[in-house]
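Take a look at the letters that make up each chain.
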Amino acid sequence: MSEPIIQVKNLHKWYSGVHALKGINLDVLPGEALGLVGDNGAGKSTLINLLSGLYQPDDGEIRLNGQPVKIRNPKEAMTLGIETIYQYNSMVPIMSIARNLFIGREPLTFSIGGIGWLDQKTMREQSVKAIADVDLHLRSPDALVGELSGGQRQGVAIARAMHFRSKVMILDEPTNHLSVKETNKVIGFVKGLKAQGVTTIFISHNMHHVFACCDRVVAMALGQVVLDKRIEATSIEEVQEVL
Amino acid sequence: MRRLFKLALQKPEMAAGSLLVLLVIMFQVRSDGIFLSYDNLRGILGFLPEMGLVAIGVTLLMIAGEFDLSVGSVFALSPMTMAVLMTMGWGFWPALLVGLLFAAAVGLFNGWVTIQFDIPSFITTLGMMFMARSMTVVVSGGFPPRPDFKLIPTELFVAYVGPGQMFRASFVWFVVIAIIIHILLSRTNFGNWVRATGGFLPAARGMGIPTARVKLACFVICSVLAGFAGVIQVLRLGSPLPSIGQGYELQAVAAAVIGGTSLSGGIGSVIGGVIGALLIRVIDNGMVMSQINSNWFQFAVGALTIFAVVGNAWLRKRGRAMKVETER
Numbered sequence: 031m032s033e034p035i036i037q038v039k040n041l042h043k044w045y046s047g048v049h050a051l052k053g054i055n056l057d058v059l060p061g062e063a064l065g066l067v068g069d070n071g072a073g074k075s076t077l078i079n080l081l082s083g084l085y086q087p088d089d090g091e092i093r094l095n096g097q098p099v100k101i102r103n104p105k106e107a108m109t110l111g112i113e114t115i116y117q118y119n120s121m122v123p124i125m126s127i128a129r130n131l132f133i134g135r136e137p138l139t140f141s142i143g144g145i146g147w148l149d150q151k152t153m154r155e156q157s158v159k160a161i162a163d164v165d166l167h168l169r170s171p172d173a174l175v176g177e178l179s180g181g182q183r184q185g186v187a188i189a190r191a192m193h194f195r196s197k198v199m200i201l202d203e204p205t206n207h208l209s210v211k212e213t214n215k216v217i218g219f220v221k222g223l224k225a226q227g228v229t230t231i232f233i234s235h236n237m238h239h240v241f242a243c244c245d246r247v248v249a250m251a252l253g254q255v256v257l258d259k260r261i262e263a264t265s266i267e268e269v270q271e272v273l
Numbered sequence: 073m074r075r076l077f078k079l080a081l082q083k084p085e086m087a088a089g090s091l092l093v094l095l096v097i098m099f100q101v102r103s104d105g106i107f108l109s110y111d112n113l114r115g116i117l118g119f120l121p122e123m124g125l126v127a128i129g130v131t132l133l134m135i136a137g138e139f140d141l142s143v144g145s146v147f148a149l150s151p152m153t154m155a156v157l158m159t160m161g162w163g164f165w166p167a168l169l170v171g172l173l174f175a176a177a178v179g180l181f182n183g184w185v186t187i188q189f190d191i192p193s194f195i196t197t198l199g200m201m202f203m204a205r206s207m208t209v210v211v212s213g214g215f216p217p218r219p220d221f222k223l224i225p226t227e228l229f230v231a232y233v234g235p236g237q238m239f240r241a242s243f244v245w246f247v248v249i250a251i252i253i254h255i256l257l258s259r260t261n262f263g264n265w266v267r268a269t270g271g272f273l274p275a276a277r278g279m280g281i282p283t284a285r286v287k288l289a290c291f292v293i294c295s296v297l298a299g300f301a302g303v304i305q306v307l308r309l310g311s312p313l314p315s316i317g318q319g320y321e322l323q324a325v326a327a328a329v330i331g332g333t334s335l336s337g338g339i340g341s342v343i344g345g346v347i348g349a350l351l352i353r354v355i356d357n358g359m360v361m362s363q364i365n366s367n368w369f370q371f372a373v374g375a376l377t378i379f380a381v382v383g384n385a386w387l388r389k390r391g392r393a394m395k396v397e398t399e400r
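These protein sequence lines are chains V and R, in that order. Everything in the first sequence is counted per this note's numbering, starting at 31 for the first residue and increasing by one. Everything in the second sequence is counted per this note's numbering, starting at 73 for the first residue and increasing by one.
Hints are computed from structural coordinates only; laboratory data are not their basis. Possibly wrong hints are sitting among the right ones.
[Said to hold, decoys possible] In silico contact screen, one side only, chain V against chain R (beta carbon under 7 Å); selected entries:
# : residue
1 : G61
2 : R102
3 : M121
[Said to hold, decoys possible] Distance condition first, Cα-Cα at most 16 Å in a straight line; then the derived EDC-like pairs of lysine to aspartate or glutamate:
# : chain 1 : residue 1 : chain 2 : residue 2
4 : V       : K197      : V       : E106
5 : R       : K389      : V       : E177
6 : V       : K52       : V       : D88
7 : V       : K151      : V       : D172
8 : R       : K83       : V       : D172
9 : V       : K197      : V       : D57
Glycine is no exception: its CB is placed at the ideal position from the N, C-alpha and C atoms.
Between the sequences and the hints, there should be enough to build the whole structure, so can you do that?
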C-alpha cells in the first residue's frame, strides 16, 4: 500500500467558542477520489479551510508526503500543490476566462519587485489549451466568466488547477445548484482528474454524486469522522444511517 | 462583427463617451461655434487636470472596491503643507515632497483603518474628510501663507506649453499619469489583482492575492493624486486657500460613475473616469457658452450621473442579452 499524500492527525479547531473539529484523523492516498459527506455544520468546510490555508488549526498536524507542513495562506497551499475549488468563490465573474485562469499566478514578460507586464498572448493561448484539456469547449478565452453556466465555471476552475499541475484538488460542493446535465458534466470532470492521477477530495451533500465518482467515502458528524470505508464496502443507506 | 459590437456595448465608458460627443456637438451649435474655438478649448483643458487627476485616483480605488471621500480635503492639505514649509524657508522640491507624503500618510491611514477594523471605507474616509480639512486650517495657522512664488518652477506645472500655447503643463502631467494608471490597470498583474479584489473579494483571497496590500496601494495612489492635483490648483491660482477642493470628493465620484465605474467594484476604467471629468467640465463651460443660466450646472451634473448609470446598466444588459454562443 502506498504512502498517504495527505495525513491529518488529531486536528482541532474552535470557531468563536464552538469546537468545530474534535480531533480529526484522516489519510488520503495518492490518486484516490475521496468523497467527504456530512450535514451542515459537521465540520467538512472547516477541515477544507485548514487544508487550503484560509485558517490555521488550533491543535494537531497536517502532513504532506509524510512531512509536517504549516499552511499559512492560500498561496502556500497552492505552492504545495493543493488547490481548492469553492462552490462560488473561485472565479471573478466580471473578468475574462483567460484572466481568471491566471489570477495570482500571471505569466509576466518582465517584472520589478513582483509587479510586472502581463504576458497576455501566453495567457490566452494557454487558457484555450487548458480548457480543451478538460474536454470543455469554449469559444473564446475573452468571454466573461459571468456569462458561463455553473457547470462551465466549475470546468474552468478545474482546468485552472490542472494547468498548474496540482497534486491534490479539493472540490467544495461543486454540484450545488447545478442542473442534472451540468452535474453529470462535473462528475465527468472528477473522473477525468482520477484518470490523470490527481488526488481529489470531493465534498457533497448528495450521496449519489459521491457514489458516482469516488473510491472512498468519509462521513463526518459533529466535528468527528464517523465512517471511513471504500465505496464497494458500503452503501448509500449505511452512510445515511450514521449521519 | 456581432461579437465586437457586443464587447463594445459592454464597455463601461460607452454611454459616457457617446454622451460627450453628443453634448459637444450640441454646445458647438448652441454657442454659434464658440465652444470649440481655440480660446475656449484652452480654458476647458487648462482647468481639466485638477478635477481629472482626482477622478483618476477615485476611479482606481472604486475598481478595487473602496471609496475615498477625503480627496477634497487632501486636495487642500497637501499644497497647504507645502506652502507653509516654504514660508519657513524650505525649498520648493522638498516642500512638495513632504506635502505629497502627507497625502500618502492620509491614504495609508484610510486604508489601514478600513482593512484592520473591517469597516466601510465610506465611514473611514468621511471621518478623514473632516479631519484633513481641519488639519489644513490648523497647519495654515488661520491665515493663508504667502510662499515666494518666484522660487517655484511654475513653468513645469501651470505655464502654457505646446503648439500654439494650447495646453498648460499640468495637462501634460495629467495625460502622462492617466496613461500610467491605465497601463497599470490593464496591462500588469497588479491591475489584474485590483480588478479581482474589487470584482469578487472571496475569490481573490482564495486565489492567494494579497488583497489588503492591493487595497492599501490604491488608497495611497488615490490620496497622492488628490494632493498633487491640489498643488497644481494652488500654483495656478497663486494662493493656497484652506477651502479649495470642497465638494470635489463627490464630483470625483460622479465623474467615475458617469464614466461607467461600478459602485460595487471591479468594473470601470481610467478612460471612463477621464471622460466623466471631461463631461463635467464640458457641461460647466458649455452652459455658459450657450447662455444657459449657470445655476443649473449642479442640476445638470446630478441628472447626468443618474442618466449615465441608468444608460450604462441598460447598454450592458443589451450587450449581454445579444446572443453569441459561449460553447462550441
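These are the hints, each one checked on the structure:
For V/G61, the interface hint is violated, since its Cβ never comes within 7 Å of a Cβ in chain R; the closest pair sits about 25 Å apart. Residue-level restraint check for V/R102 is violated (minimum Cβ-Cβ distance to chain R is 11 Å; threshold 7 Å). Among the interface hints, the one on V/M121 holds; its C-beta lies about 6 Å from the nearest C-beta in chain R, closer than the 7 Å criterion. Using a Cα cut-off of 16 Å, the hinted pair V/K197 and V/E106 holds, with the two alpha carbons roughly 14 Å apart.
Taking the CA atoms of R/K389 and V/E177, the gap is near 12 Å; set against the 16 Å cutoff, the hint holds. Note on V/K52 and V/D88: the hinted pairing holds, with a Cα-Cα distance of about 10 Å set against a maximum of 16 Å. With a C-alpha separation of about 12 Å, the suggested pair V/K151 and V/D172 falls inside the 16 Å cut-off, and the hint holds. Between R/K83 and V/D172 the alpha-carbon distance is near 13 Å, which keeps this suggested pair within the 16 Å criterion.
Proximity of V/K197 to V/D57 is assessed by CA-CA distance (about 15 Å); at most 16 Å being required, the pair is judged to hold.
Comparing the model with each earlier hint shows violations of hints 1, 2; every other hint is respected.
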